[in-house]
Structure formats: C-alpha cells, structure tokens
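Position chain B relative to chain A; hints supplied.
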Amino acid sequence: MSAQNISRRNFIRSSGLAGAALYLGFYLPAAAKESQIVSGNAAENGGIELNAWIRIGADGKVTLTDHRAEMGQGSYQSVPQIIAEELEVNMADVNIIFGQGSQTKYGSQITGGSSTISSSYKKLLQLSATARQMLITAAAAKWAVPASECYAESGSVIHKPSGKKFHYGELVADASKLEPPKDVVLKKRSEYKIIGKPMHRRDTPLKTNGTAIFGIDKRVDGMLFATVERNPRLRGKVKSFDDTGARKVPGVKHVFKVQMPVFNTIREGVAVVATSTWAALKGRRALKIEWDDTGFEHVNTPDIYKKHEELLKTQEGLSLSKQGDPDAVLNGASKKIDVIYQTPYEAHAAMEPLNCAAWYQVDKIEVWGPIQAPDWVQGDLAKQYKLKPEQVTVNMTFLGGGFGRKAFLDYPAEAVIISKEINAPVLVVWTREDDITQGPFRAGMSYRFEGAIENDGIAAIKVRAAGQNIEHWNGPDRGKPNDSISEGFLKPYLKNIKNVSIADVPYEMPVPNMWWRSVYASTNGFAYESFMDEMAHAAGADPLEFRRKYLQGDESCQALIDKLEEVSGWKSREPNGGYGVSITECFGSNVGQVVKVSKSDSRRLNIDHVWAVMDCGWYVNPDIIRAQVEGSIVMALGAATTHEITFKDGMVEQKNFYAYKMPRINDIPPIEVHIMENTSDATGVGEPGLPPFSAALTNAIFDLTGKRIRKLPFDLGAVV
Amino acid sequence: MISLNINQKDYQVDADPDMPLLWAIRDLAGLTGTKFGCGVAQCGACVVHLNGEAVRSCVTKVSRAAGQKIVTIEGLSQNNDHRLQIAWNEANVPQCGYCHSGQIMSAAVLLRENPNPTDEDIDMAMSGNICRCGTYLRIRKAIHLAAEMQRKESSSR
Chain A
1 MSAQNISRRN
11 FIRSSGLAGA
21 ALYLGFYLPA
31 AAKESQIVSG
41 NAAENGGIEL
51 NAWIRIGADG
61 KVTLTDHRAE
71 MGQGSYQSVP
81 QIIAEELEVN
91 MADVNIIFGQ
101 GSQTKYGSQI
111 TGGSSTISSS
121 YKKLLQLSAT
131 ARQMLITAAA
141 AKWAVPASEC
151 YAESGSVIHK
161 PSGKKFHYGE
171 LVADASKLEP
181 PKDVVLKKRS
191 EYKIIGKPMH
201 RRDTPLKTNG
211 TAIFGIDKRV
221 DGMLFATVER
231 NPRLRGKVKS
241 FDDTGARKVP
251 GVKHVFKVQM
261 PVFNTIREGV
271 AVVATSTWAA
281 LKGRRALKIE
291 WDDTGFEHVN
301 TPDIYKKHEE
311 LLKTQEGLSL
321 SKQGDPDAVL
331 NGASKKIDVI
341 YQTPYEAHAA
351 MEPLNCAAWY
361 QVDKIEVWGP
371 IQAPDWVQGD
381 LAKQYKLKPE
391 QVTVNMTFLG
401 GGFGRKAFLD
411 YPAEAVIISK
421 EINAPVLVVW
431 TREDDITQGP
441 FRAGMSYRFE
451 GAIENDGIAA
461 IKVRAAGQNI
471 EHWNGPDRGK
481 PNDSISEGFL
491 KPYLKNIKNV
501 SIADVPYEMP
511 VPNMWWRSVY
521 ASTNGFAYES
531 FMDEMAHAAG
541 ADPLEFRRKY
551 LQGDESCQAL
561 IDKLEEVSGW
571 KSREPNGGYG
581 VSITECFGSN
591 VGQVVKVSKS
601 DSRRLNIDHV
611 WAVMDCGWYV
621 NPDIIRAQVE
631 GSIVMALGAA
641 TTHEITFKDG
651 MVEQKNFYAY
661 KMPRINDIPP
671 IEVHIMENTS
681 DATGVGEPGL
691 PPFSAALTNA
701 IFDLTGKRIR
711 KLPFDLGAVV
Chain B
721 MISLNINQKD
731 YQVDADPDMP
741 LLWAIRDLAG
751 LTGTKFGCGV
761 AQCGACVVHL
771 NGEAVRSCVT
781 KVSRAAGQKI
791 VTIEGLSQNN
801 DHRLQIAWNE
811 ANVPQCGYCH
821 SGQIMSAAVL
831 LRENPNPTDE
841 DIDMAMSGNI
851 CRCGTYLRIR
861 KAIHLAAEMQ
871 RKESSSR
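Taken in order, these protein sequences are the chains called A and B.
The numbers in the first sequence follow my numbering, run straight up by one, and end at 720.
The numbers in the second sequence follow my numbering, run straight up by one, and end at 877.
Excised from the complex, chain A in its bound form (with noise of 0.2 Å):
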C-alpha cells in the first residue's frame, strides 16, 4: 500500500465520511496545468487525495463544502448555491460545511482580491454537472433505460416517460463506481432556478441566535486563554521583564516572551496564559516591560506626508507606464494643473479582534481560527515545525470581518508558538487596542498629479505617487515599481489619452503594511477620480460627459455610464446641485457611484444619496452584491471623513473606537446599489464597491461649495 493510499484512509476516516457516498473533487496532477474530474472511487483506487465540494450519503444527505472563507461577504452561502444548481438540490435540503486548509484538495483558498466566486465558479459547475451527470447515468443503468429519458430534480433522478424516481441517496453507491463524463452540458443562465436568484443566507440563523461560531468561540478541552503584550512600537526587543504581579493574579498559569516573525523582521512580546481571558489580561497589565527599540525610527505622521512631498517635488520615480511624452506636452502647456492628493494609514479594526486557537501536539498541529487563507498557513506551519502539510489541520471559523488583515499568518504562528511553550491548546485573544495599534496597516498615500488641457479636453496626464510599497515586505528588489498605484484607474482611459506616465517614487518606513480592502485602489480611487473631475472642470465639461468621452470605445464603461446617468437622475440636475461622480476599476469589476450633498440648517454637510452601479458579470446573488456595495460605501465613508491611523514617536496614537471612530448608524446616508446585467465572466464583489465613494463624495461637495478637498479623511462638520 502507497503512503498515497494510507493517507486518503486517514482523510476519509477523519472526515467521518466514510461508508458509501459519492466524493467528487478535482485533482490537481503536479505536473498539469488543468485539473480534472475524478471520483471520490477512482480517487481510492489512485491513490489520490480528494478535494471533495461534494458529498451524498446514502441516506441522501447532501453535504457542499465552502472552501472560502466566509467573512461576511457570503461564501457560505454563494459557493453552495452555485453547486446546487447543477447539482440540481434544493439550498434549504443541503449542509453546509468549511474546507480545511489544504491546497492540493482545493487549489487556492485565499480569500482576497474579490475572488471567491470569479475564481472557481466555472469549475463548481462543472463539478456540480458532472455529479449530476453521474448519478442520471446510475439511475438509468437501474432501470435499463436511456439516460436521455431520465432528468434530475431536487435531489432525485426521475424516468420521464414513467415517472419513476430514486432518491440521490439510493444512487450513491453505483455512480461513485463511475468514471465521471467529460462532456456535461452546462445550464444556460435563463435556466438557473437557483444562481441569480436573491436568497436569504444560511448563515444568517446561526448569527442572530448566538450559535455561529467565530475564532474567538472556539473552545477544546484543556484549553487555556492568552493575551500578549506586544512592543507598542511595533520593532525592537523586550529588554527585560517583571512579572511579579502577574504571577500573583488568580488564574495566570504562565508568562513568557515571546518571538514573533513578521514579514523579514520580529515582533517581540510577553505573553501571559491564564483560565480565563479576564485572568490573562489582568496579568498582562500588571507586568512590567522595558524595550529596546534600537535603531528603530520613531515615526511621526506630519514627517511622513512632507516627505512625501518632498519627493514628489524632486524625484521622477520609477516609471510604470508611458505614453507619448506627457512631460513635453506639460511644458509647452498654457492650462494646467499640478495638484497633490493625500490618504491616510488605516487600520482593518474588524469587529472581531484578531485571535487565534491552536494545539501543538509535536507530530501535529491543529489551529482553529478566523483566517482568510487557511492554505497559506498550513503551508507556513508546516515549513516552520518542518512537519508534512498533512500533519497541520487548519481549520476556519466565521470570520467577523478580516478586511485582509486575516489573510496575514502572524497570529495563527504566534497561537501556535504559545501552544508549544505551555504544551496545551490555548486561544491567543488580542485587545482592540493590540489590534488597532499593531498592524499591520493600509499604506498612507500621496499623489501628485499633474494635467494639461488643450482644446477643452485632456492633453496630457503625469501622474507620480509616493506611499510604501506592500511587497516591499516579502520580496527586497527596490529597483521595481509598485505596480499596484494604478489600480482602480479605468484602463480604457489610457486608450483615449494619448500623453499619460505613470510612476512610483519609492518610499520606506519601517511600518508594516497589508491589503486593506480593495488595496491601493481604495486610495488610488479617491487621486484618480478626484483628478478626472478637476480636470473636467478645468475643461469646463460635465464631468459624467467627459468621462464618458474618455472611456469610448469601450462598451461595458459606456453602459454602465448609461444606467448611471439614468438610476441618478443626472441629466435633470440641478446646476451645482452637489452631484458628484466617480468611476474605478477594482478585481475586474467597474463601479461607478453618484453622491448628492447638500447643506443643512446647521451649515453641516448631509449626504443625501448615494447611487451606485455595479459591473460584475456573471453573478450568483444580487441581494449579497448589493449588502457588500452597501458595506463597501461606508467603510469608504469611514476611511473619507471619520478615522486615521497618526503615528507619534513611532506609535500609533488610536488605541480604541473612541479614538478610531468608525461611522454609526445615524451617519449612512441612503444607498441606491443597481447590478449591470451582461454576458461577462464573473468579476469581484467584495471590494469594488469602495474605491469610488471619497472622489464622487469630494467632486459632489466642490460641485455644491467650490471646495475641493484634496486631502483624507476631512471632517463633513467643518466643509461648510
């Protein structure tokens, strides 16, 4: 017997999905670049370890597995209900499971840029037909007759000239002997009874009764609560420690320091283990920590934005991409404009504040956790004990919120670390002060454009941008440039432009950043659409015509353009009536968004509006599309007028939601989310939504007052 073999007994055994089911999964061949189709039978006999989405019982129990992490944007709930379809099951009959962390059954897990659907819907319904395939087939060898007669329906397979019927359970035992078809006919879209369809979601239940169960609600047996006091300067090394009052609280079973790898540099800290999380925290504050920050430079915010200015005053940069020669246009110009924009550091501050579970047992370890890439640290631990991958079991909670800053493996390494040293399961819980305060963070920016008008239209655009670069963090080439500083900007623009460069000036700072949602673009969007609209201005056009005139040729911007005009009644406006409009790209998915504002008696500024349309393609839930704009449209807002992360002496001086205030219910002001229909591949959902809200927020207050802000976040009391 191959260790091959052993292996996939142990899968089956500790899955508890043994006995006879049907398993489908794709395998991926090291060595192929396609994956193909093989069942859960053919898989025993190869030897192979499934990535099984599927799973029928004989007793007709339909199990689907969500491989993602469901963070909120809806993988628990839009995975499954893309398998059902072609499955043919009903969404209210099936169990819906999470897929460990493992990157040969389900290729990549990540749940980042927006591409939990874009990136595996095809294969799930191929999948999905190709069970149902299998089991029609089953069916029709039973009963002796064509499978051409035979269809399958919520979970049966029934003889259409007869009307005979067996249950998917009765099935299981025959199909899983079958080698799956290569030739399964997709449904057409106008078929679908389940995708395109807005459906409440399952996990919806479990979150308003208490029983969902998040990171921080996982309990095992022995297990002890930890916090830990990190170096509140993010580097440097603890010195020296006195844990005398720790030790004395009742409860505290340990304390130690502890090491922490963080991208190329170490994080150091105390941790303190106790029986309950109030114990440990109660002895975290009564310790006594001296640090050593040598070397260390004590960052302030007002230094890093001069900076910033300084080099865009002075450098060229690193150019990303050029076109005829914006600078010679620029010199020989009459009408320009040379402006900064400035966005600030944030932090991701989910509502559930980073913490991990885990148990090193020596020849395993086992995590639980609110992690977005269960995969990658599985992959991390197995590297770091020098354990096979298998001997690492990654498992996701819910995630109340991740924002990207789940996706890192610093926590989960640091559960584990704490595990060993104890030698019993423990969950690591940080304060929200930890996970405000410690990163790592969205990069504050600051753009200089630069644009020359001719003929009352664009002549030439220069772009320069300044801010850390993220991959700085994992990879130390200097020489490149951050090729993410145009993220968000419409790329059919560059076809209607003909001067255009773009280009990073590098800067560093020894603050670790991280993806904030929708990354660079939820920066980049607010410069891009802000400059777009001065220079329409500047042009004296309308400044939905002029992006209109700048994006032609390009049929999807065009009809989103249409139906933005039309949803926000723009062409009806009111002169300076505080309309304002902005366009991004974001994970393949164009967004635009109008914002109304107006004033209020008590001079404050009130949005009155919002309007938002999103192109996403080939979608599989219209009500989660519209909750995730919805989302997005106020963290933008949020990141736009109401918190920063500010650096003073090199910490960060937000510690709390009092501090980094995040807006409340009494400051959304109505959204208005409409879905483009089309025949496009899926796009991003999650994200795109974000990116265009401060610049059409911004472009609809110069629109009412004049004013244009060129610098985040601004406060709306103090505009007019």
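Hints are not guaranteed to be accurate.
What the hints assert, rightly or not - In silico EDC-like cross-links for lysine to aspartate or glutamate, where the CA-CA straight-line distance does not exceed 20 Å:
#1 A:248 x B:738
#2 A:253 x B:734
#3 B:861 x A:623
#4 A:253 x B:736
#5 A:599 x B:840
#6 A:248 x B:736
#7 B:861 x A:667
#8 A:197 x B:810
#9 A:661 x B:843
#10 A:336 x A:450
Hints listed in this document are in silico derivations from the structure and should not be mistaken for laboratory results.
On a predicted model such as this, the values are computed, not experimentally measured, just so you know.
For chain B alone, coordinates are given in the frame of chain A:
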C-alpha cells in the same frame, strides 16, 4: 463563587468580583454568543439584558450581576423566532455577523420601550452599536419590519 442567572438557568462561576460580566458569560458559563469587541463600552458587541435593561457586559462587573436576571442572545427566543431574528433574516442584515448579537439585544429593548420607532428613534437607540461591515441601513429596515410584526401581533390579540 458567584451565582449568575443567565437565560433562566443558574450558574456558579469562580470569578473575581471585578471580572467583567462579558468574560464570566463567555469563558466561565461557556455562552459565546455575546461578543468581545472593544472592552471599553464603545462598540456594543457585548450588549446583554440585565433585569431587562441593555447593558454593556464588558464594563459591567460580574459582582453587580450576581443573582440578577441576565438574558443573552442565546436566551432571546427558543427557536430563533423572536420577531427581530425573523426580521434580521428577512432583510438579510448580517454580513460577518459578529456585531449582531449586540445589535439585536439593543434593538429588543428599543422595541419594548417604543413600539413605533421612527428612523431617528432607531438611530438614537442604535448609535452605540458599531457594524464594521456597514449593515446599518438593513438594521434600520429590520427594526421597522419587527415593529410592524409587533404591531400586528398586538392588534390581533
């Protein structure tokens, strides 16, 4: 030992008198539906009912709750059939879902005190609860739906 009555069940917990009720509920009584969000009464994720009033359990000492009547999200209804739970499902409110135990517990007190809340009443009562996913518009919608259900129930009585 401190005795706590949570969702009509008695628990004996070995807690420091100054332990916040939140941690006694979560770590000692083992009811994890009540969430830790900020620890300083800023976000509302930890809201529970203490003798029928909404309190932030992260800043309520367990000694204050001893012997009192505590209701957590797990005790709001037997079968997920509280009108707010039904309305939350109807309006597809939760995204990540983490804050909604607290949101619903705050909303339950609002609906008891004010059966006909306006948007402004809802904003006033709910502005202590943060939702980072930005589900606020749906929260407002769901509270209106639940209020309507409540009115229909009382008029048909």
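Each hint tested on the structure:
Distance restraint check for residue 248 of chain A and residue 738 of chain B: the Cα-Cα separation of roughly 16 Å lies within the 20 Å cut-off, and the hinted pair is therefore satisfied. The straight-line distance between the Cα atoms of residue 253 of chain A and residue 734 of chain B is roughly 16 Å, inside the 20 Å bound, and the hint therefore holds. For the suggested pair residue 861 of chain B and residue 623 of chain A, the alpha carbons sit about 14 Å apart, so the restraint of at most 20 Å is met. The hinted pair formed by residue 253 of chain A and residue 736 of chain B meets the criterion: a straight-line CA distance of about 16 Å does not exceed 20 Å.
About 19 Å separates the Cα atoms of residue 599 of chain A and residue 840 of chain B, which keeps this hinted pair within 20 Å; it holds. Our distance criterion of 20 Å between C-alpha atoms is met by residue 248 of chain A and residue 736 of chain B, whose separation comes to about 13 Å. Restraint check: the Cα-Cα separation between residue 861 of chain B and residue 667 of chain A comes to about 15 Å, which is no more than 20 Å; the hinted pair holds. Between residue 197 of chain A and residue 810 of chain B the CA atoms are separated by roughly 14 Å; this keeps the pair inside 20 Å, and the hint holds.
A C-alpha spacing of about 17 Å is found between residue 661 of chain A and residue 843 of chain B, which places the hinted pair at or below 20 Å, so the restraint holds. Taken as a hint, the residue 336 of chain A and residue 450 of chain A pair is honoured in the structure, with Cα atoms around 7 Å apart against an allowance of 20 Å.
Of the numbered hints stated above, none is contradicted by the structure.
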